[in-house]
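Peer 1: One-letter residues, chain by chain:
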Amino acid sequence: MESQHNQPSPGKFWNWFNPVGRKTGGWAFILNRITALGLTFYLFLHLIVLGQLAKGPEGYDSFIALMKNPIAVFGELLVVAAGIIHGLNGIRIALTTFGVSISTQKQLFYALMAIALIAILFFGIRMFTA
Amino acid sequence: MSTIIQNISKPRAGESTWLWLIKILTGGLLVILLLVHLIVNHFVVEGGLMTYANVVAYFQNPWIVFMEICFLATVVSHSLIALRSILLDMNPAPNVLNIINWVLGVVGVGAVVYGVWLALTIASK
Amino acid sequence: MSKTKWNIILRVSRQKDGEQPHFDEFNLEVDPDEYVLDAVERVWAFMDRTVCFRHACHHSTCGACGMLVNGVEKLTCITYIRDVTQNGAKLTVQPLRNFPVISDLAVDMGSLYSRLEIVGARSVLPVPEAEVEKPASSWPKEDQQYIRLADCIECGLCISACPSAATSGEYLGPAVLAGLQANALKYKSLPFNLADSQDGVWRCHSAFECTEVCPSFVDPARRIMNLRSQIIRERLSGLFRKA
Amino acid sequence: MSKPHAIIIGAGFTGTATAHDLALRGFDVTVVERGDICNGTSGRTHGLLHCGGRYAVKDQESAIECIDENMILRKIVPSVIEPNGGLFIALNDKDMLYRESFIQGCESCHIPLEELTPEQALRLEPNINPKVLTAFLIPDGTFDPLRLALSFAATAKKNGAKFRTYTEVKGLLVDGKGTVVGVKATERRTNQPVEIRADVVVNATGAWAGEITEMAGAKVPIKPTPGVMVAYEGRFVQRAVNRLDKPGDGDIVLPQRRMVVVGTTSFEIEDLDYVPVLEDHVELMLERGAELIPAIRTAKVRGKYMATRPLIGSGEGRSAARTFKCYDHKETDNVDGLVTITGGKATTLRAMAEKTADIVCGKFGMNVPCSTKELPLISYRQYYLLP
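Protein chains in written order, with the numbering used here: chain A, 1 to 130; chain B, 131 to 255; chain C, 256 to 498; chain D, 499 to 885.
Because the hints were derived from the structure by calculation, they are not lab data.
Think about it this way: if two alpha-carbon atoms lie no more than 20 angstroms apart in a straight line, the pair counts; the simulated EDC-like pairs of lysine to aspartate or glutamate are: (1) D:K798 with C:D288; (2) D:K798 with C:D286; (3) D:K744 with D:E613; (4) C:K389 with D:E731.
Construct the entire structure; sequences and hints are all you get.
Peer 2: Structure, rendered in structure tokens:
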């Protein structure tokens, strides 16, 4: 019984999400991909919603009114948070790709996430108090 | 030499250097554009574009229209290229990959055209 | 070395030819300064001769004994028991991920070896070219003549830890790209095309888990990033060459 | 008649080299191994591509075998060898007493050596003990044990040999006349019994040779003698460093990848299948290693391991002859169809295979010359590419 020598075990698409035993970098990758999927979904949602503008004031203004409740604002805060986290982590990936701070990529990630947290708090407070 | 060399020796039309460079450049650009977008649209502009009138007034300035379209093109290309590299993890066969390329291309161009149309219609109101 | 002995429960992943994996537990008296591989070998020797596991050199030069220890990729021959568990606690060993399991803890790394062969990763190379962190030029003149075994021991830990390698078998994988990076990359050669393909460097999504688990100073992440810069430079200069 | 079928028990150095030789000489070969390649003594050997210098005084037969094989291996399998040579260094007057006999021994065994002044030695290897009194440059080297065996196994596979790993031999199949005609084994992947028939069974299980011969009521004078080795992090030297003295404990430090490995000791054991790493031996390695390379004293221990050498015959530990012997049990125990090859050193694996193949071919009246001296081996990775 010769096992198929040259074939790796056929992976599954969702295997990229396997945090067991992973360290900072692995988590950053998972976080990066989840925020990316969320942002892409929101992007197209955002475009469709803005379509109301073409139909005149009623559609758009009623939609904005609908969005005033705290749950919707929280949802938008999640989108903002995802954007900030994904953006800052993207800087880390660009830097490391060009050889900058590869050996300190974990520290860089934590520093960027600290900045992200501050930005999210800033936007959060503004959004909930406006 | 072995089956291995057939299926990975022909570098499939994949995400070559250019796609990656576009992704990383648009990514870098987006970090600035996103912050500008968030701050300008919702905090600087009076009323935070929360009413139809604000939006129309905001879009009268042609520069704003141009900026928003550039932002849209950047974010759509970045996200679709990146979505494509995620789909590559499904290890699509070459013909499936072609379909993916086409679909993403059409969706991307469609979104930008739709955005331009929307921006112009608002600007003309 | 402490003479105190520990009693641990070694949970060994068992899988005989196609059946679903399950765990067998063995109570074992160990010395905390022993290695995980010693514990596994004692289970085979004294408790259950059907346990299959790969091992050869016992001092991190052959790359045969990579396993998941408590879920993390480890080279079990150099992993001290005291670093991965406590007295009276459990220690779980499982086969590496992303490779077909031959039996119990032994996996078939044929795909890794064949790809290393295809990209021409060198098993021995001049001493100045062996280490990534020290550029060749910084080596003293007389060291140029020496040849040594490469840092990469082909143990497969990085392939097991890599999220991209988990999704599909086509991705070359960190060890293979690292092996490729150690050779000077010639534009449009087969290795260059392999690296610059969707199953090459562009499938890497910077999780850095390969460098995290590499027991052998290879730093595959750094090599992949360097390989990317080389490819971008080659492609960009390729433009001007054509123009 | 069709190709005779040979079963080789054991896929260590001797087993894989014999498979390579017999496959070239027109045998169908099946290697049966209870674990994976090199999971016995061969995997855990020190890794010294021996130049024979250590045995040039007391055991010249082994020394000559080593230097000849050393030169052959450098030609046929360079991709697993660090060919950077070695040093014999004297650190005190007692060592110097050994100098004369060492020079004569090497010359009579045609081992090339060149004496260096302490300054020259320290310039070549700055990390050796500065108290070096004299040094000899000799053609030692280092190899990666698993890859050395895999190179032979891959080439054997290319020439048709089949490898059945994780298949443990439990007994020998014997016909009416008491001739061994195959093996009874357990396929460990499925725990199923399996029987493999063959025209000859070669017992290449090294220190475990006695266990196999017992199955046929034959005996081999094997004295398993384990030795402890300790690997330290840090490539302090480019060459193997030997103590200029008669064979003793911890008298060799060799570089391997980014490590140095200090070896070895010698002690008796009963249970072959698991030999603990004795703590006092490890401390002895640290002490002796630090004498040769002081930096070892502060180096981080990378791995502590033990390998059971198959010594032959009556001699006590160190003095037992280190050459190898091949027994055709038809002559020794009137059991036909079983040949045992054991003893010897890692470096002499090709020569051991040649002798075994000669004897096995003799049993079938096939006088096919050995061609493994010149034939380069294919890449060890091919073992995994070939079916």
